[in-house]
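Let the hints inform the model, and build the full structure from the sequences given.
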Amino acid sequence: MSSSVLQFEPELSQPLIQEVMSRSGQNLLACYQCRRCAAGCPVGDETGVTPDRLIRMIILGEREEALNNLLVWKCVACYTCGTRCPNNIQTARINETLKQISKEAHIEPLLPKVSAFHDVFLRLTSHFGRVNELVFIGLYEMRNAKRELKHGGGWKAVADEMKNHAKLGISMMKKKRMHFQLNRVKRLSEIKRLFKKAKDEAGG
Amino acid sequence: MQIAYYPGCSLHASSELYDIQCKKVFRQLGIELKEIEDWNCCGATSASKTDDFLSVALPARNLGIADASGLSEMLIPCSSCYNRTLVTQKILYEDPELKNKINIELSKKVEGKIRISSILDILVSKADSGEIAEKLIKKLEGLKPACYYGCLLTRFPGDIKISDNIENPQGMETVCKALGAEPIDWSYKTDCCGASAAVNDTDTSLFLMSKIIKDALEREANCFVTTCPMCQINMDAYQDQVCECYGIQKKLPVFFITELLGIAMGFTPQGMQLDRHFVDSLGLLKELKLI
Ligand code: SF4
Ligand code: SF4
Numbered sequence: 001m002s003s004s005v006l007q008f009e010p011e012l013s014q015p016l017i018q019e020v021m022s023r024s025g026q027n028l029l030a031c032y033q034c035r036r037c038a039a040g041c042p043v044g045d046e047t048g049v050t051p052d053r054l055i056r057m058i059i060l061g062e063r064e065e066a067l068n069n070l071l072v073w074k075c076v077a078c079y080t081c082g083t084r085c086p087n088n089i090q091t092a093r094i095n096e097t098l099k100q101i102s103k104e105a106h107i108e109p110l111l112p113k114v115s116a117f118h119d120v121f122l123r124l125t126s127h128f129g130r131v132n133e134l135v136f137i138g139l140y141e142m143r144n145a146k147r148e149l150k151h152g153g154g155w156k157a158v159a160d161e162m163k164n165h166a167k168l169g170i171s172m173m174k175k176k177r178m179h180f181q182l183n184r185v186k187r188l189s190e191i192k193r194l195f196k197k198a199k200d201e202a203g204g
Numbered sequence: 001m002q003i004a005y006y007p008g009c010s011l012h013a014s015s016e017l018y019d020i021q022c023k024k025v026f027r028q029l030g031i032e033l034k035e036i037e038d039w040n041c042c043g044a045t046s047a048s049k050t051d052d053f054l055s056v057a058l059p060a061r062n063l064g065i066a067d068a069s070g071l072s073e074m075l076i077p078c079s080s081c082y083n084r085t086l087v088t089q090k091i092l093y094e095d096p097e098l099k100n101k102i103n104i105e106l107s108k109k110v111e112g113k114i115r116i117s118s119i120l121d122i123l124v125s126k127a128d129s130g131e132i133a134e135k136l137i138k139k140l141e142g143l144k145p146a147c148y149y150g151c152l153l154t155r156f157p158g159d160i161k162i163s164d165n166i167e168n169p170q171g172m173e174t175v176c177k178a179l180g181a182e183p184i185d186w187s188y189k190t191d192c193c194g195a196s197a198a199v200n201d202t203d204t205s206l207f208l209m210s211k212i213i214k215d216a217l218e219r220e221a222n223c224f225v226t227t228c229p230m231c232q233i234n235m236d237a238y239q240d241q242v243c244e245c246y247g248i249q250k251k252l253p254v255f256f257i258t259e260l261l262g263i264a265m266g267f268t269p270q271g272m273q274l275d276r277h278f279v280d281s282l283g284l285l286k287e288l289k290l291i
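So the protein sequences, as listed, match chains A and B.
The numbering used here puts the first residue of the first sequence at 1, with every later residue one more than the last.
The numbering used here puts the first residue of the second sequence at 1, with every later residue one more than the last.
Simulated from the structure, these hints should not be mistaken for laboratory data.
Certain hints may be false.
[Stated by the list, open to error] Straight-line C-alpha distance at most 30 Å; calculated BS3-like pairs for lysine-lysine: (1) K176(A) x K23(B); (2) K175(A) x K23(B); (3) K176(A) x K24(B); (4) K186(A) x K90(B); (5) K174(A) x K23(B).
[What the hints assert, rightly or not] Footprint (simulated), chain B over chain A, 3 or more residues, beta carbon under 8 Å: (6) 38-51; (7) 80-93; (8) 108-121; (9) 175-185; (10) 188-194.
Glycine residues also receive a C-beta, built at the ideal position from the N, C-alpha and C atoms.
This is the structure:
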């Protein structure tokens, strides 16, 4: 992450901050940069960008940096920052909003596996109403393999990833923690209606 | 007494043992868990990260079904499901327009009247009232658990008040003490294990878990105890890998709180399905002559 001086450009900052504030429900303008959030963020050391810094970027209209930094993608939604923030700002919610914005804008996610995980999870919920772990891991791995092959990661990257999960899968089987029955909701039509409404709400 | 029960997806899959234990232990305490009919996935953090409407609509359908059950209280043992459902109930209370929008699509409408309880809400009250003590066959002497709460039992993405302390909760310690165990005092009880990052960003998750395991070992815990199926499977299934990556020599079994209750109430290890752990848990219990 560059540590260049942040520039304030009002024409750029207005639309971004308004969108993030209204969608996340967080009052970013209340942030007075005390950095209590940064002190407690478990991934802060790794991501470089901490919640306070992310909020600053958004206020200054640094759209690209705000959408493409490790905090947005590595946030584990532990809610520590929000619980400790004297102004009740939940950066986890801001990160969720930024992930959504970047998906809508078809920006390649910084950590594609994270976004594949959540997409597949919701897809399965829309199909069955419940998440079946085995089907989930299968679909998730397929999604990752497809991406690796397309972006030149090659078969080795695919095989390494699969090997890791296969190892875990085998020990889960040994411990009888793998479940083979397919769980599903009976009144699936209701679930489908909720997913359709979600699409309508998002404007198409 | 009957209360409603929402198991969620994990308790019907990889953490089925927790489902079985909950039902057994609660029956012993005089509570019958009545699983709500046709429940759906709560969407977990995936819905929040993908679609704001669904993150409320999915738990809302379950709330409607629970309200229609006619029961006044619902137990949700999984921390993630508990968190999402409680937050949804509050959002719908504050936003009647959204509630109507969702209710139109539901056959069982959300009324918002059922009380949502975590497993600790109920167990702590049973410890305080002395009802747990009445059911004990043995004391868990020598067991020194690090009570691990993780994130979602005490922290919410909104303004939700809970009865325990957010940074240093004591509920699980209260229950463990009622069982005769000696929970240790430590610093990582509400730290994050990485949750779904274990699958999609493994290195981050292993790093977070290494800090938790190291602190528990330094404080001389001889096991972990948790109430969350996600924390349990992460800390249990990945502990080998964490220890290997971070040069940690000793491993600690990761118990569900229901397993400690079950053992103290005289259930057999088979009845509690303790053989379904990744890190061996029977050795320690035998060593302490608890089984
Ligand atoms: S804790 Fe809150 S006010 Fe302080 S820097 Fe972080 S977001 Fe801003
Ligand atoms: S919720 Fe995300 S940003 Fe906030 S402390 Fe946790 S990991 Fe950091």
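Taking the hints in turn, this is what the structure says about them:
1. K176(A) x K23(B): Judged against 30 Å, a Cα distance of about 19 Å means the pair holds.
2. K175(A) x K23(B): Given pair K175(A), K23(B) holds - Cα atoms ~21 Å apart, limit 30 Å.
3. K176(A) x K24(B): Measuring from Cα to Cα gives roughly 19 Å; hence the hint holds.
4. K186(A) x K90(B): 27 Å, holds
5. K174(A) x K23(B): 24 Å, holds
6. 38-51: holds (count 3)
7. 80-93: This one holds; 7 residues, not fewer than the three required, reach chain B with a Cβ under 8 Å.
8. 108-121: holds (count 8)
9. 175-185: holds (count 7)
10. 188-194: It holds, with 4 qualifying residues against the three required.
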